[in-house]
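First to last, the protein sequences are chains A and B.
According to this note's numbering, the first sequence is numbered sequentially starting from 162.
According to this note's numbering, the second sequence is numbered sequentially starting from 6.
Accuracy of the hints is not assured; some may be wrong.
[Claimed, not checked] No more than 25 Å apart at the CA atoms, straight line, and that leaves these computed lysine to aspartate or glutamate pairs for DMTMM-like:
1. B:Lys301 - B:Glu66
2. B:Lys205 - A:Asp313
3. B:Lys205 - B:Asp246
4. B:Lys415 - A:Glu440
5. B:Lys75 - B:Asp329
6. B:Lys65 - A:Glu440
7. B:Lys301 - A:Glu440
8. B:Lys335 - B:Asp366
9. B:Lys385 - B:Glu400
10. B:Lys65 - B:Asp304
11. B:Lys385 - B:Asp410
12. B:Lys102 - A:Glu316
13. B:Lys385 - B:Asp329
14. B:Lys268 - B:Asp226
15. B:Lys102 - A:Asp352
16. B:Lys239 - B:Asp304
17. B:Lys382 - B:Asp214
18. B:Lys170 - B:Asp137
19. B:Lys65 - B:Asp120
20. B:Lys250 - B:Asp180
21. B:Lys67 - B:Glu373
22. B:Lys403 - A:Asp313
23. B:Lys343 - B:Asp329
24. B:Lys102 - A:Asp293
25. B:Lys170 - B:Glu373
26. B:Lys335 - A:Glu316
27. B:Lys335 - B:Glu196
In case anyone wonders, no lab produced these hints; they're calculated from the structure.
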Amino acid sequence: MTSNPGRTGFVLLLLAILATLPLWMTSLYYVNIASQILFWAVFALGLNVLVGYGGLVSLGHAGLFGFSGYVAALLMVNGYSHAAALPAAIIGTLLMTAVFAALALRSTGISFLMITLALGQILWGIAYRWADVTRGDNGVNVAGRPSPFGIDLTEPRAFYVAVFITFILCLLSMLALVRSPYGASLRGTRDQPRRMRALGFNVWMIRFIAFLFSGFWTAVAGILFIYYNQFISPQVMALQTSAEALLMVISGGTATLAGPVVGAAIVVIMKNVVSAYVERWNMVLGIIFVLIISFMPEGLVPGTARLWRSMMGRRRAAKMPLGLKVAGEGSR
Amino acid sequence: MTVERRTILKAGLATAASVAMPTVLRAQAAPFRIGLLTVKTGPLAQGGIQMEQGLATFLKEKNNILAGRKVEVIVADTGGNPAGARTKAQEVVERDKVNIILGPLAAFELLALTDYVRQQQIPLISLAAAEDVTQRSTNPWVIRPSATSGQCSHVMGDYAAKEMKLKRVATICEDFAFGHEQVGAFLRVFEENGGKVVKKLWPPLNAPDFTPFIAQIGNVDGVFMGFAGSNPLKFLRAYADLGLKGQIPVTGGWTALDDALLKSFGDEAVGAMSATFYTSDHNTESNKRFVAAMAKDYDVIPGAYSAGMYIAGQCVEAAIAKLDGKTDDKQALMAALKGLSLTDTPRGAFSFDQNGNVVGDVFIRRCERQGGKLVNKTIKTYEKVSQFWTYDPAEFVKQPVYSRDYPPAKNLQ
Numbered sequence: 162m163t164s165n166p167g168r169t170g171f172v173l174l175l176l177a178i179l180a181t182l183p184l185w186m187t188s189l190y191y192v193n194i195a196s197q198i199l200f201w202a203v204f205a206l207g208l209n210v211l212v213g214y215g216g217l218v219s220l221g222h223a224g225l226f227g228f229s230g231y232v233a234a235l236l237m238v239n240g241y242s243h244a245a246a247l248p249a250a251i252i253g254t255l256l257m258t259a260v261f262a263a264l265a266l267r268s269t270g271i272s273f274l275m276i277t278l279a280l281g282q283i284l285w286g287i288a289y290r291w292a293d294v295t296r297g298d299n300g301v302n303v304a305g306r307p308s309p310f311g312i313d314l315t316e317p318r319a320f321y322v323a324v325f326i327t328f329i330l331c332l333l334s335m336l337a338l339v340r341s342p343y344g345a346s347l348r349g350t351r352d353q354p355r356r357m358r359a360l361g362f363n364v365w366m367i368r369f370i371a372f373l374f375s376g377f378w379t380a381v382a383g384i385l386f387i388y389y390n391q392f393i394s395p396q397v398m399a400l401q402t403s404a405e406a407l408l409m410v411i412s413g414g415t416a417t418l419a420g421p422v423v424g425a426a427i428v429v430i431m432k433n434v435v436s437a438y439v440e441r442w443n444m445v446l447g448i449i450f451v452l453i454i455s456f457m458p459e460g461l462v463p464g465t466a467r468l469w470r471s472m473m474g475r476r477r478a479a480k481m482p483l484g485l486k487v488a489g490e491g492s493r
Numbered sequence: 006m007t008v009e010r011r012t013i014l015k016a017g018l019a020t021a022a023s024v025a026m027p028t029v030l031r032a033q034a035a036p037f038r039i040g041l042l043t044v045k046t047g048p049l050a051q052g053g054i055q056m057e058q059g060l061a062t063f064l065k066e067k068n069n070i071l072a073g074r075k076v077e078v079i080v081a082d083t084g085g086n087p088a089g090a091r092t093k094a095q096e097v098v099e100r101d102k103v104n105i106i107l108g109p110l111a112a113f114e115l116l117a118l119t120d121y122v123r124q125q126q127i128p129l130i131s132l133a134a135a136e137d138v139t140q141r142s143t144n145p146w147v148i149r150p151s152a153t154s155g156q157c158s159h160v161m162g163d164y165a166a167k168e169m170k171l172k173r174v175a176t177i178c179e180d181f182a183f184g185h186e187q188v189g190a191f192l193r194v195f196e197e198n199g200g201k202v203v204k205k206l207w208p209p210l211n212a213p214d215f216t217p218f219i220a221q222i223g224n225v226d227g228v229f230m231g232f233a234g235s236n237p238l239k240f241l242r243a244y245a246d247l248g249l250k251g252q253i254p255v256t257g258g259w260t261a262l263d264d265a266l267l268k269s270f271g272d273e274a275v276g277a278m279s280a281t282f283y284t285s286d287h288n289t290e291s292n293k294r295f296v297a298a299m300a301k302d303y304d305v306i307p308g309a310y311s312a313g314m315y316i317a318g319q320c321v322e323a324a325i326a327k328l329d330g331k332t333d334d335k336q337a338l339m340a341a342l343k344g345l346s347l348t349d350t351p352r353g354a355f356s357f358d359q360n361g362n363v364v365g366d367v368f369i370r371r372c373e374r375q376g377g378k379l380v381n382k383t384i385k386t387y388e389k390v391s392q393f394w395t396y397d398p399a400e401f402v403k404q405p406v407y408s409r410d411y412p413p414a415k416n417l418q
């Protein structure tokens, strides 16, 4: 992870634009869209821990996402305060994640994918069928958003700021994870699990912790989701949501910090903004994914970086005499 | 924004003119803006397209001018899911500043945005049937000129028991809220009039084949089916293939034998009975115009989805007329909508009850072949049917909402 001043500056500029968005964005509608992008990004970043850094592709995360939302929503509907419902939702989801992990981590690869898929569908089925508790297909309406420190989050701009702060915390935690020795060992279990085991690492425990970490941010995203929509129904736990989140991660670029964020932005903008202009927006989304997979199989963010580098490299090469170019290449 | 926004007015001169001289047009009179929440992608798209056709037909007939106000329609595709419906409602309200919302299609979509509509105080004319929006948690900003889920199957329950003299019935319906509510309403009225529901079958929404479910109906003398979308086609085909057509009569709710499905049915539908709030053979002037225009422009027989939106358009027009075009006061607009009592609509005369739900006629029809074509022939009209059927509204809403297990079926075998 070499620090590149140009790139750091670019990222800081983007974050500054996002941070000040409520100040310059006049249309509340687009503020709301930005909020959606950010909480989906939190979800995708959480999933990316498993998919990107752990090499474990999960199709059950919508179950956890919805579980967190349902716990919070049902507690609030039954008269509990926000302060009680939120920790309960996060702790509850962490316990559920532990169950998921204990069952799914018995395998990797396709079997892991199938087990998480099955577990997610079970949660969906419970939400759909246990109508006495979950109100089934009719869903749960949540009356209001909380007012932390006296700031009423009902106002879209205030809510955006809350989502943005959560998003930044999530991003920082990801950064810390990636740079920590634990992050290195997680990538180790992805690339060389047998060698890691031979070196004395507890591969299962490393993956288990990654699953919990992923589950934590999934739970947070689920809570943001119900506060945003003030409604939850079983649809959100369906396979489609899991697949969509996975698409965000893969299209943006797995095992990168910016990738899931870019992926979330693409999907949310396609679904909500482009669909107002293009009737066949599903097709446009499909074409975009096909293009990404064809030309940037590693994902949009790493792919763009690669193109940029090769373009810059070519320009530098044109300016430099032959011998120096080889030396320049070597020093990189 | 350089892209021209999609509206159904694009055929008219409005688009060309507003591109050429936008400021002039805007200065003349602010158009009344309608947000249509429909579904254009996914499994519900068929119904969503019919909704859009129904509204477009009405506006074309009126030349995009309702009671002297120019009208602009913003069409939004919810994708047929709750979160999408909510976001699209925000889009039409916050970005496009609509005066009124028409739609959405599905019950769970309406439930997802009912609180938002209440917060924003935007009048909404619903097609979706979710009972509680006009019952236990009545939303003062919603009117529903179509029907609740149970409104027509109450009637079917009455007719099945009293006129068809059915004694033992099996119900079959998709396993979601719209289905649960239809079956609950049918069961309640049917059993109170001496019938017995002996079997309740709930195939999942996307069941590929209904044969295994039909095989379970057992010893009955009638079937009630509440299917929606294209499932009635699959069901009746399988029913005929199993040799039950003509043996055990089929009754259905308002989506089960929708007139828009007739062109896709074959002989398997002949003899099936249905209860609905809209029938394309209804004898009002506006219905004749509507059916003719739909045949001319889209080559279809209109069903309840498109009629529902045509009627919604009529409600908008009548409310604007009542207010002399002054629609800026949202409270007044809502009050005007709720107080409407229309006579010449495709479904006949109707008004609204205190909860904003329609009180209007429900038709019992039998599917027949006339001159080579399938038609739903009206054989009985129940007049001024309320969502509460003949029950006392206050007592009615004290009971739980109709669900998979309510009212309890005591005669299951």
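| field | Structure-inconsistent hints, enumerated in ascending order | value | 2, 4, 8, 9, 11, 13, 14, 15, 17, 18, 19, 21, 22, 24 and 27
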